[in-house]
Amino acid sequence: MSRFAGCYLATALLAVPAAAQIGNPAGLDADTRMAKPGVPALHQTNNQDRLFARLAAAGGMAEVELGKLAAGKTETEAVKEFANRMVTDHGTANDRLKQLAEASKMPLPEKLDAEHAAIRKRLQSLNGKAFDLAYIKAQIVDHQKASHLLQWEISSGEDAELQRYAAEILPRVLLHLEMARNIHDELAGVVTQ
Amino acid sequence: MPKISTLTVVGAAALGAVVYSLEANSDPLPPDLTYRPLATLPFSQVKEIDEAQKSAVMQRQLDTLNRRYDLSNRPEEGAMMSGGTRPVQSGVRVKLPDGVSWDSLASMTPQEIREKRLLPEGFMPLPHVKQATGGQVFPNRQIEEINRQEARDLRRFDVDFDLPDHMTPEFPPPIFLTTHPELGDVSRGQLLTIKNHYELLNGIITPVQMEGLRLLLTPFPQEEFNQTEDRKVAGQSLGVACLDCHANFSTNGAFHLTPDIRPQASRFRLDTTSLRGMFNQQIHGSKRSLRSVEDFTEFEQRTAYFNGDHVSATRKGANLPDRTNQVAMMAQMQNIINFPPAPKLDMFGRLDRARATDRELEGEKVFLGKGRCADCHIPQTSFMDNNMHDLKLERFYDVGRTINDFVAIPDGPIKTFTLRGIKDTPPYLHDGRLMTLADTVEFFNLVLGVKLSQQEKDALVAYLLTL
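As they're listed, the protein sequences go chains A and B. The opening residue of the first sequence carries number 1 in full-length UniProt numbering; numbering runs sequentially from there. The opening residue of the second sequence carries number 1 in full-length UniProt numbering; numbering runs sequentially from there.
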């Protein structure tokens with residue numbers, strides 16, 4: 001499974017379209033600078049991209065932190081593999097986001113947000129199967145939200161580099177979601193076949 | 001006293017934790033994932049930027065179309081649409097990826113095609129020309145005719161229609177009535193509008209139908225065609241009429257985004273469906289599954305007109321047709337629109353053996369048997385089953401891929417469309433991603449895994465032309 005997924009991801013990354021996204025200008029900030037007529041310049045400050053970067057960074061940071069917690073605590077091989085995968089995949093994605101945010105001088109959050117701090121606290125108090133289920137359920141919700149957030153940036157963002165980043169990450173997030181749903185069904189004993 | 005205050009603190013902390021976890025359930029996400037955000041710039045500035053972007057928008061779309069399809073004008077020999085003014089286009093137009101044939105593709109598993117990324121791009125969902133904005137886009141001939149008859153402007157300044165004229169339905173389409181089969185086409189070769197409808201149908205339809213027709217031709221404000229700064233048409237607009245897309249109760253190929261999905265990026269393109277044969281349909285709207293034509297007609301003011309956003313409608317001028325006095329009349333008019341004649345079909349939708357050719361009969365056999373078309377498109381019930389089905393095309397591609405700002409998520413269940421009169425209404429599938437009938441045969445051959453031979457595919461196309 002993981003070998004197949006790895007191959008699949010590598011090809012998915014190559015296929016991301018190079019053309020810039022083109023949004024609805026009705027939602028642009030009043031002081032948007034244009035690189036050429038109708039094309040917003042890169043690396044400028046606007047609410048959409050800043051909000052996206054903050055929320056994406058907060059989510060990504062939580063993925064890594066909760067992944068480390070889960071990898072250390074779980075006794076289930078599939079959960080451990082998934083958690084380690086979250087640490088590496090989101091670690092790489094977080095680094096790229098950081099570079100893009102720095103280029104636009106967007107400050108990113110430095111500590112876990114309240115929502116994920118609460119999840120971490122809850123996970124710390126659980127063990128065994130209860131822990132596995134709680135972790136994987138939280139992962140399902142997180143990846144669902146990440147999918148909405150990335151799609152929001154793809155149509156509402158302004159910065160072409162951030163939009164390309166979102167488009168590149170989205171298939172991976174949906175793949176993670178599929179994996180998490182499968183692990184959940186296995187852990188919970190849902191009849192799937 | 002200290003005791004009480006400790007208790008209070010503990011109680012407050014416990015309450016805080018409960019409230020906190022409730023809050024955490026919906027947080028944090030951007031605030032406008034479901035509702036349409038208000039414009040932030042004045043109209044003149046938006047228009048200027050939209051116009052500056054337009055050539056890049058159209059170029060990107062044309063590049064995508066040309067990468068996917070052969071859009072050349074290659075008519076099918078001896079096959080005209082029902083009005084006799086436009087030939088049906090021939091051949092498979094979806095381009096194959098390098099190194100595969102249709103047969104080699106059909107012999108692979110969905111997983112293999114997905115891993116090797118071999119699903120022909122033309123089988124993927126077709127993006128709207130401008131996903132972030134979306135909205136109705138009319139073909140040029142509709143825009144020109146409405147302008148000529150009504151001096152009403154349907155031309156957007158941000159996008160143009162993207163498909164060549166010969167890939168769309170004939171214009172204007174003929175109109176056949178269930179109440180007057182002996183008359184044949186009653187359109188007199190004209191596009192029905194608010195200006196000419198009375199003269200064209202006076203003496204043919206009832207007063208109630210006439211009033212319904214008038215309402216179906218009356219423009220009402222719409223998401224992109226209205227009087228606010230949110231419009232995409234240069235002048236303040238009276239709006240759009242139902243039959244601006246469903247031209248002459250058929251379709252002119254105008255497209256839109258589905259109102260039924262959020263966020264905006266994953267709303268798929270919708271090709272206007274024909275209203276012919278509405279009288280026999282039990283569900284309406286490709287995704288909405290509304291249960292009567294009355295519900296559909298009433299709710300269309302919230303969906304097609306306003307992207308399924310009643311909040312936006314309230315601001316721009318919602319039209320809420322009265323259920324008993326208006327909606328019922330609009331429905332009565334729609335319910336007398338017939339399919340085009342199909343002289344080779346009997347009353348059960350089966351080919352008349354005395355009239356059909358051997359190839360058409362062979363096609364019918366494939367349709368009913370090996371091809372599994374009739375599992376959903378049942379001849380006896382106007383070639384549909386009044387159900388929605390999920391083809392699960394995502395077995396063949398990586399979900400979440402972005403194509404021209406459109407995010408391809410699985411389509412989910414879509415209504416079975418009728419195949420009666422199918423030669424008249426290209427392009428095909430709910431988003432118009434397939435240009436010809438031969439394309440649809442290749443698409444379903446792969447998706448259903450039925451492994452038809454070339455002869456069987458050709459026979460199937462010949463059969464579809466008789467419907």
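Just to be clear, a hint being listed does not mean it is correct.
Said to hold, decoys possible - With the C-beta cut set under 8 Å, the calculated list includes, among others, these residues of chain B facing chain A:
#1 40
#2 50
#3 57
#4 110
#5 121
#6 131
#7 133
#8 399
By construction, these hints were calculated from the structure, which means they are not laboratory data. Keep in mind the model is a prediction, meaning the values are calculated, not measured. Glycine residues also receive a C-beta, built at the ideal position from the N, C-alpha and C atoms.
Against the structure, the hints come out as follows:
1. 40: holds, 6 Å
2. 50: holds, 6 Å
3. 57: Nearest chain A Cβ about 5 Å off; hint holds.
4. 110: violated, 13 Å
5. 121: violated, 11 Å
6. 131: Nearest chain A Cβ about 6 Å off; hint holds.
7. 133: holds, 4 Å
8. 399: holds, 5 Å
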